[in-house]
Structures are given as structure tokens and as C-alpha cells.
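*Asks:* Sequence:
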Amino acid sequence: MWNPEENDNIEDAAISARSLNELLDLMYISFKKMNHLQTERLLGLALNISSDISFWIDEEEKRREKKTQLKFTVVESQLLHWRG
1 MWNPEENDNI
11 EDAAISARSL
21 NELLDLMYIS
31 FKKMNHLQTE
41 RLLGLALNIS
51 SDISFWIDEE
61 EKRREKKTQL
71 KFTVVESQLL
81 HWRG
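Taking the numbering used here, the leading residue of the sequence shown gets 1, the next gets one more, and so forth.
All clues given are correct.
Restraint ranges, calculated between C-beta atoms of paired labels, are given here:
1) His81 - Tyr28: 53 to 61 Å
2) Lys71 - Ile29: 44 to 52 Å
3) Thr73 - Phe31: 47 to 55 Å
FYI, nobody ran anything at the bench for these hints, they're computed from the structure.
From the three backbone atoms N, C-alpha and C, an ideal C-beta is built for every residue, glycine too.
Generate the whole structure from the sequences, applying the supplied hints.
*Replies:* Put into C-alpha cells, the structure is as follows:
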């Protein structure tokens, strides 16, 4: 699973999204041929992949908010210093 502490690279999320897309495409094509157990396991895999993508998006949003807040704080500090 992707670890936000070690990697904030969007490529990991993109690879997971492509994998999910390919898995769902394969399942759609083969749905009538698959038995119940295969379908259940592949749906579980699809849910895990989508969870990883969702987790990455949430962590990326937090990272960007912190970065934006830090920039705002620096600019605010510079303005106060300039006025002061």
C-alpha cells in the first residue's frame, strides 16, 4: 500500500487508477464467465485499489493545504515586517 510518509509522488496514484480501470474492464468483459468466488475476490481487490487512491487524494489535499497555509504565513509575516 502507498505510504504518504515515504512518497508523495502522483505516479503511484496514477498507476493505481490505471490498474483499477484495467481490472474493472476485465471484470466487465468476463463477468458472465466468472464464478461467484472469482467475482467476489476481484471486487475486493477493486475496493482495495480504490481505497488506496482515495487515501492518496485525501493525504495530497492535506499536504497542499499545509503548503498553502505556510505560504500565507510567510507572506503575512513579510507584510507585517514591511509595514512595521
